[in-house]
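*Asks:* This is what each chain is made of:
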Amino acid sequence: MNNLAVNLPGLELKNPIMPASGCFAFGREYSKFYDLSKLGAVMMKAATGTERFGNPTPRVAETASGMLNAIGLQNPGVEKIIENEVPFLANYDTSIIANIAGSTLEEYEKVANAFNQTDDVHALELNISCPNVKEGGIQFGTDPGMAAKVTEAVKKASRLPVYVKLSPNVTNVVEMAKAVEAAGADGLSMINTLTGMQIHLPSKKPLIANQTGGLSGPAIKPVAIRMIYEVKQHVSIPIIGMGGVSTAEDVLEFLLAGASAVAVGTANFNNPYVCPEIIEALPETLQKYGFDSVQDAIGKGIVQA
Amino acid sequence: MNNLAVNLPGLELKNPIMPASGCFAFGREYSKFYDLSKLGAVMMKAATGTERFGNPTPRVAETASGMLNAIGLQNPGVEKIIENEVPFLANYDTSIIANIAGSTLEEYEKVANAFNQTDDVHALELNISCPNVKEGGIQFGTDPGMAAKVTEAVKKASRLPVYVKLSPNVTNVVEMAKAVEAAGADGLSMINTLTGMQIHLPSKKPLIANQTGGLSGPAIKPVAIRMIYEVKQHVSIPIIGMGGVSTAEDVLEFLLAGASAVAVGTANFNNPYVCPEIIEALPETLQKYGFDSVQDAIGKGIVQA
Amino acid sequence: MMKKEKVLINSFRQIALDTIEMVVENAYISQTAKPGQFLHVSVEGHMLRRPISIADINKEKNTITILFKVVGSGTAKLATLTPGMSLDVLGPNGNGFQIDDQQKSTILLIGGGIGVPPLYYLGKTLAEKNIEIISILGFQTKDYVFYEEKFSNLGRNYVVTDDGSYGEKGFVTDVVKMAGDFDSYYSCGPLPMLKAITTKLKGKPGMISLEERMGCGVGACMACVIPTKKSGGYKKICSDGPVFHAEEVSL
Amino acid sequence: MMKKEKVLINSFRQIALDTIEMVVENAYISQTAKPGQFLHVSVEGHMLRRPISIADINKEKNTITILFKVVGSGTAKLATLTPGMSLDVLGPNGNGFQIDDQQKSTILLIGGGIGVPPLYYLGKTLAEKNIEIISILGFQTKDYVFYEEKFSNLGRNYVVTDDGSYGEKGFVTDVVKMAGDFDSYYSCGPLPMLKAITTKLKGKPGMISLEERMGCGVGACMACVIPTKKSGGYKKICSDGPVFHAEEVSL
Ligand SMILES: Cc1cc2nc3c(=O)[nH]c(=O)nc-3n(C[C@H](O)[C@H](O)[C@H](O)COP(=O)(O)OP(=O)(O)OC[C@H]3O[C@@H](n4cnc5c(N)ncnc54)[C@H](O)[C@@H]3O)c2cc1C
Ligand SMILES: Cc1cc2nc3c(=O)[nH]c(=O)nc-3n(C[C@H](O)[C@H](O)[C@H](O)COP(=O)(O)OP(=O)(O)OC[C@H]3O[C@@H](n4cnc5c(N)ncnc54)[C@H](O)[C@@H]3O)c2cc1C
Ligand SMILES: Cc1cc2nc3c(=O)[nH]c(=O)nc-3n(C[C@H](O)[C@H](O)[C@H](O)COP(=O)(O)O)c2cc1C
Ligand SMILES: Cc1cc2nc3c(=O)[nH]c(=O)nc-3n(C[C@H](O)[C@H](O)[C@H](O)COP(=O)(O)O)c2cc1C
Ligand code: FES
Ligand code: FES
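Chains as they are written, first to last, in the numbering used here: chain B, 17 to 321; chain P, 17 to 321; chain A, 9 to 259; chain U, 9 to 259.
Simulated from the structure, these hints should not be mistaken for lab results.
A hint or two may mislead.
Stated by the list, open to error - Reference listing, derived: stretches of chain P covered by chain B, where coverage requires no fewer than 3 residues with Cβ under 8 Å from a Cβ of chain B:
no.	stretch
1	80-90
2	215-224
3	240-252
Glycine included, each C-beta is placed from N, C-alpha and C at the ideal position.
Chain B with its partners taken away, still in its complex shape:
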């Protein structure tokens, strides 16, 4: 008998599968396809201190085995999310992870504190790596010192466990991971998108209105696996892995690399049922490769070099 359950700070997951932030809004759309209670957790779309309208369109482009997006954190603001969206998700038997973003330290604190007031959110995912927000010009996601600072601030502002979402657009991801662990992070979430661009030949300019966008999908899976594999060996907090997952085999690859749970982003767009289908296939996949449980597979692909 396979056991899919995983316990992480703040999260008693009945299975390790959750939709990735920004690819599932607040769950309403996909709830028309299946019962969200099947999910281990839901990572909500980024919340900011006040409403954001996001970037002009086009906001997405297709690439080889991937896509670029520059949504720009469009969201109704944390208050409205708590008022209108969290209660909807709370109807389901699944964990709720709030993705929080901001342009300033104060905005992060504000959002973290707002979620702290609610009962239904189980953990925060600290989005310091969204490549599509330029305001403030502060690179929380690429400077270890800044990343530590915002982690500390958010930890202070909220009792909820904090998973810091790391950017892959760095020279040394291990250094970033260590910095946020030392600053009190309860877990890591990795990876966010790689910064990319597509130039539209007919118009002779970047296709995405924001010029650059975040690359996601199977194209980036090898980068995600490498980073998780590297980081896992240097931190003791758990990692929620993501980047190009679309099958139960992909999930097992992330577990072996060191992830304790796995988020699915872009794959939802092609197959709205991808999360429940993966959950259904996972026990057999684990068994096929000789694992009794999800827990059993975590980090088992790591070979000391």
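Put chains P, A and U with the ligands on the given structure of chain B with help from the hints.
*Replies:* Just chains P, A and U with the ligands now, with coordinates in the frame of chain B:
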């Protein structure tokens, strides 16, 4: 009438297309498929000071729209390359670019100096970004100071124009580009591979014997385009672009992003004729999108933000 | 409500330059779809689905007709399919054209290029309600013209080509005067055309169907937004649209 | 010399569990290929080509037979193809088995699983030279056994399965004694098998065909190397091999 010619330091290219280093050895194999004189240039496999045997196998893995490789700079050493390989390539009417690598500053100097003694090499491509060499532990490719140092040393050791090949595995590629430009680089070559990993489920360990490998192919094209676009706006030396090119449209996208010439790597493996096919298709493609010449298209996709 | 469905390709024919008409069979979608809704079509080897409008429905035969123009790699791939194969689609997606059942009026349909297809099923549905239909169809050149006869069967019909190689020469807006009087309009086509039309017909009640690059196609990713005129916010073309009141959105 | 060729699929049949036999037509390759060479097959949606051995040739009909086992996404994709379709291959690739035309001797063929195919064309070629052939074919289980009859037609033949569900039980090395005397051997199969055989048959002249993950398949990328025993260097399996003298390489 379209004009494919481009003049770059040391390189009078009849067309902007060249096979990328490491994907074409020293040309012998592909010379069985077509006349290498069709090529704008050939970028030779990396040369080191002495013979290298490279990494254990498996050395490659397939990924979604890409591949990982960790060849590990297998090559017979610069002397044998000059003796046996350069003369072969010199039979063709094409420019020869020697890719040079090393573990130490001294090794780079030695290789650069050796090529300096020959008449048939037209430019050096300074490979400071090969992710598969661990010796020495020196990260020439990710530290601007080290990158500048090796560029200076190589410039001193050789009269040949030097194109520094940048790694995409950095937080700030513009900073790297500026550093090597200031150190005397005549041009840039970008991008090398993104560091990635694949875990082999049946064996539960990294598939590539070296654990990590370099990700190449269409999967990384958006990252390459983004980096070239960014760098082009901050340097005045020309860029040879690469990363996932397999069609004439891809070439035009690189030109628009700011590349002055384009190398084709991984695509040779699926289609050995890819370079001559692109060269043949290029005039029509330029015309279709309203360009008179390759020169005319360079950097034309750049929109001031 | 949209579902993920397998549709069987019944027929496939080229009806104009680069333009394919495909008839697919699926009970659920054919019975529930409304004019202006679209299918979100999965294409092998492509990350993102392609939105394609529903051009016609035959409820007796459980079939849906779609028309697409080959413009890039996704539509080129679709053009290699043959009858007997099946497609994975989400559908019917979005909100279609609002049709006032009480309407006893004259309606102008204005379609441009590959924006013409959704207007056909709309026109057929309106015609069944004994509404008078006038249509203006714009195409680049003669070679791209399709469905002229079908629209003629619905009512008065004008064809316009950019170069005058067929029908009137010019843009659809040039022909609006010829069309005479009408009560409201429905339009679908390229953005510049929709801008020109909504400007020219300012004040007239109208509905327009919009295009934008999509991620999810179901309202979850915020890729396909269009600014609205009043609230200062955005609407999602995939789930709030693709059809909007002409006055509602900022083009 | 290897070329990039289009080959037409003439027939396609499953001959054992997960194992497909495909007969393809191409004049150039069928006329020039030697036993032990392979085709480097392009597979839609996949970056890298797949190396597949030539299992048989019919020069009159211009056909090449290949056999493949479905083990991953590339071979799974190949298994969806049907006669009439064509494949893009490089071929014939590599150096085949060296055959001494003067040879008047007894040859042992030792094949394991999907390493069996290249030995068939080799055996047939040797048999035509009136060389005596003994063959040992190892498979996982009964369900995977193929080409037993074909090899029986060439000479004495032993089948071994890991679990004894067909033929002898055990590994091919267990059966070598039964095979009796022979002058030299040719082998192809999984690495552990080749290791066991070359150890067991140390001193006997033998040639083995190796597998490694490939990039280019033409000798340019250095992906597919195998360490050699003397020089301390590497040989390339795709272009120096895939067939090597047993003594030449370090397994
Ligand atoms: C609601 C809606 C209904 C549509 N109905 C039809 C129809 O009935 N017939 C038809 O031929 N076309 C229709 N289109 C346009 C059609 O979706 C695009 O032509 C198609 O997606 C192009 O795909 P491609 O791979 O050939 O082009 P590529 O340029 O290679 O596509 C690259 C990416 O851009 C997207 N894209 C490119 N052009 C458009 C566009 N105009 N609108 C939205 N996304 C685009 C693609 O979906 C894909 O994600 C409709 C679009 C929308 C939004
Ligand atoms: C010279 C040579 C001859 C071969 N002849 C045959 C044959 O006649 N019949 C047959 O069924 N198989 C043969 N193989 C093995 C065959 O190439 C692999 O089974 C096949 O490439 C697997 O592809 P896949 O996409 O199904 O598997 P995946 O595991 O999805 O492939 C992933 C990548 O790994 C490579 N790979 C996986 N397994 C192998 C392997 N064993 N050897 C080399 N590359 C591998 C693939 O080519 C691909 O690049 C031969 C291999 C070599 C080197
Ligand atoms: C359309 C889109 C919107 C996204 N929005 C967010 C977001 O709001 N916050 C965030 O932390 N990550 C966001 N991401 C990143 C994903 O959560 C995920 O980290 C990334 O896409 C890699 O996973 P994937 O390859 O499975 O998509 C977004 C990704 C996409 C494709
Ligand atoms: C098998 C292989 C070997 C490579 N060897 C080298 C090398 O020796 N030196 C180097 O600078 N780059 C090397 N590269 C990187 C390529 O030159 C190129 O920068 C990269 O692959 C991106 O281009 P592509 O996507 O077209 O392959 C190698 C790439 C591959 C796939
Ligand atoms: S395409 Fe995702 S919200 Fe419309
Ligand atoms: S596969 Fe490239 S050298 Fe053999």
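*Asks:* All the hints need checking, so say for each whether the structure fits it.
*Replies:* Hints and how they fare:
no.	hint	in the structure
1	80-90	holds (count 4)
2	215-224	holds (count 6)
3	240-252	holds (count 3)
Of the numbered hints stated above, none is contradicted by the structure.
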